[in-house]
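Using my numbering, you'd call the opening residue of the sequence shown number 1253 and step up by one each time.
Treat the hints with caution; some may be incorrect.
PhoX-like mimics (lysine-lysine), calculated; alpha carbons at most 25 Å apart, straight line [to be verified]: (1) Lys-1281 x Lys-1359; (2) Lys-1281 x Lys-1265; (3) Lys-1341 x Lys-1359; (4) Lys-1341 x Lys-1281; (5) Lys-1265 x Lys-1359; (6) Lys-1341 x Lys-1265.
Calculated directly from the structure, the hints in this document are not laboratory data. In this text, all values refer to a predicted model and were calculated from it rather than measured experimentally.
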Amino acid sequence: MISPSTLTVTWLKPDIEEERWEYFNHPAKQEWYRSHAVTWEQIVSAFDGGRLVPYPRAYTIGEIPVTLSYHSYEEYLVYLARAKRGYRKNYSRMEDALQSAGSLALKAPIILCSGGEGILFSGYRRLCLGWNYGMTPYAWFVRLG
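Go ahead and model the full structure; you've got the sequences and the hints to work with.
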């Protein structure tokens, strides 16, 4: 899927194995996994059944609330723009590459959904890049269970 803008991003299906850290180590996400009884094996087995869906800047994707999406500009300022240099540096590299080349191919952010609730599993910086450049980014949306 390609997001429309004077600059373009082609959103690609991500590789779930590259995102293992998000499940096993990300402290802010552990409660969501526990409360929805989500296992790594469930995520892996459902992953290929996911699909690319547009994710306009919002707290929800369709009718589903997405926790940890930090969609507002104020949240962007807290969680990315003023983040520690190492975290911000990867975003800056993507931004520079997009401005220089005019287009990028990026792995889509991943949203997991269980029990009518979603979580931004990975890809916050990529999501912000699209939002901040007036694009509607696409996310890999995976229904669990």
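Each hint tested on the structure:
no.	hint	verdict
1	Lys-1281 x Lys-1359	holds, 20 Å
2	Lys-1281 x Lys-1265	holds, 22 Å
3	Lys-1341 x Lys-1359	holds, 18 Å
4	Lys-1341 x Lys-1281	holds, 23 Å
5	Lys-1265 x Lys-1359	holds, 6 Å
6	Lys-1341 x Lys-1265	holds, 23 Å
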